[in-house]
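Model the placement of chain U on the given structure of chain V, informed by the hints.
2 protein chains.
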Amino acid sequence: MAAPIAFYFDFISPYGYFASRQVEALAARHGRTVDWRPMLLGVAVLKVMGLKPLLDTPLKGDYARRDVLRQARRLGIPLGRDLNASVGNPLPPARAFYWVKRHHPELAVPLAHALFHAFWAEGRDLSTPEAVAAIALPAGLEPAAVIEGTTSDEAATLLRNAVAASIQAGIFGSPTLVVDGEPFWGSDRLRDVDEWLACGGW
Amino acid sequence: MAAPIAFYFDFISPYGYFASRQVEALAARHGRTVDWRPMLLGVAVLKVMGLKPLLDTPLKGDYARRDVLRQARRLGIPLGRDLNASVGNPLPPARAFYWVKRHHPELAVPLAHALFHAFWAEGRDLSTPEAVAAIALPAGLEPAAVIEGTTSDEAATLLRNAVAASIQAGIFGSPTLVVDGEPFWGSDRLRDVDEWLACGGW
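Chains V and U are the protein sequences, given in the same order.
In terms of my numbering, the first sequence has 105 at position 105, counting the first letter as 1, and numbering is strictly consecutive.
All you need for my numbering is the position in the second sequence, starting with 1, plus 202.
Same shape as in the complex, but just chain V (with noise of 0.2 Å):
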């Protein structure tokens, strides 16, 4: 068996949750897995990178504004959220999914798709355990356990030495997949990755 393919990714990136929909399809038709790694772009680009949020940088945020939304149309994918609307606190979806990956491995990916589609099709905000807890979230997770889990202690360590995994390891961006070691920034890079898969490398 191959090596899974590491998806990077933040719950507050765009590009994150249009990779997020078809990420795994790409990694099946090459006959591998996906190992979902949430980060912090608010770490990677504000504090390591030293750069500004995407959307507040001259020029680049407004041409993000309008490729965000060109983006859906093109996949078809769902976007009910207000660009211009505050992306929130991160660390608790992140947090979220980092401890349900522990404690019940088989429903991480479908948080993970849960809390895009909270936070990109139906604009919800995230900011909370308690707003975590209140999505439509995968069967076989409670909302108390949810909350629970999210607060921990246990939570905010497997999401810190995740993100410092993350910045040792280069990752900058989301998303970002790394293919038997090589890396690709960027959802306009998944047909790269279909094609490296696919030769081999060039």
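These are calculated hints, taken from the structure and not from any lab test.
Incorrect hints may appear among the rest.
Straight line, CA to CA, 25 Å or less: simulated PhoX-like cross-link-like pairs of lysine-lysine [as the list claims (entries may be wrong)]:
| no. | chain 1 | residue 1 | chain 2 | residue 2 |
| --- | --- | --- | --- | --- |
| 1 | V | Lys52 | U | Lys249 |
| 2 | V | Lys47 | U | Lys249 |
| 3 | U | Lys254 | V | Lys47 |
Simulated restraints, written as ranges between beta carbons of each label pair [said to hold, decoys possible]:
| no. | chain 1 | residue 1 | chain 2 | residue 2 | range |
| --- | --- | --- | --- | --- | --- |
| 4 | V | Pro58 | U | Gly278 | 31 to 37 Å |
| 5 | U | Arg275 | V | Asn89 | 19 to 25 Å |
| 6 | U | Ala400 | V | Ala3 | 35 to 41 Å |
| 7 | U | Asp264 | V | Gln22 | 35 to 41 Å |
| 8 | U | Ala227 | V | Leu69 | 37 to 43 Å |
| 9 | U | Ala400 | V | Thr128 | 42 to 48 Å |
| 10 | V | His30 | U | Ser354 | 25 to 31 Å |
C-beta atoms are modelled at their ideal positions from N, C-alpha and C, and glycine is treated no differently.
Showing chain U alone in chain V's frame:
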């Protein structure tokens, strides 16, 4: 006749170089021509956006070094420049281009290809008018005229106005293609432009 595709790029941009090798065939497939418009990343990225140069950005710089080599291999485009070498002064090649575009318009695109090739395939320095004039110029362009044109006030004004117009148009990255008012940033978006032109947009 449909409007030309506006092609914004900086000669010091490797992704601009990659696009320069593909954009004419892309346009021709759809019965379009290309209007070549050098811009200055030093103005757009450093001054207007307030960001660092790509290769000096933590994490992203290392990724870009790897990605540039990978894209060159994939596209079969010669790359003979040390990516860590100083890019030098980007003004002379851009001024030379706009001067030639004004006085010998039929030689402007051949000159652009020659400049990209000298910089990226041969790794030459283009930091001075003399260095620009020393490359393999298109037939019909004399080195002495290139030096005189590149150092002229007219060339400086043409470039200054073109850069201001690019910022006004919201252009921030190299390459950017604008098709009927629709901007596409990044050499990995050429496939999107192809699709957009084929179907009339989405």
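Each hint tested on the structure:
no. : hint                            : verdict
1   : V:Lys52 / U:Lys249              : 14 Å, holds
2   : V:Lys47 / U:Lys249              : 21 Å, holds
3   : U:Lys254 / V:Lys47              : 14 Å, holds
4   : V:Pro58 / U:Gly278: 31 to 37 Å  : 36 Å, holds
5   : U:Arg275 / V:Asn89: 19 to 25 Å  : 42 Å, violated
6   : U:Ala400 / V:Ala3: 35 to 41 Å   : 36 Å, holds
7   : U:Asp264 / V:Gln22: 35 to 41 Å  : 26 Å, violated
8   : U:Ala227 / V:Leu69: 37 to 43 Å  : 29 Å, violated
9   : U:Ala400 / V:Thr128: 42 to 48 Å : 46 Å, holds
10  : V:His30 / U:Ser354: 25 to 31 Å  : 56 Å, violated
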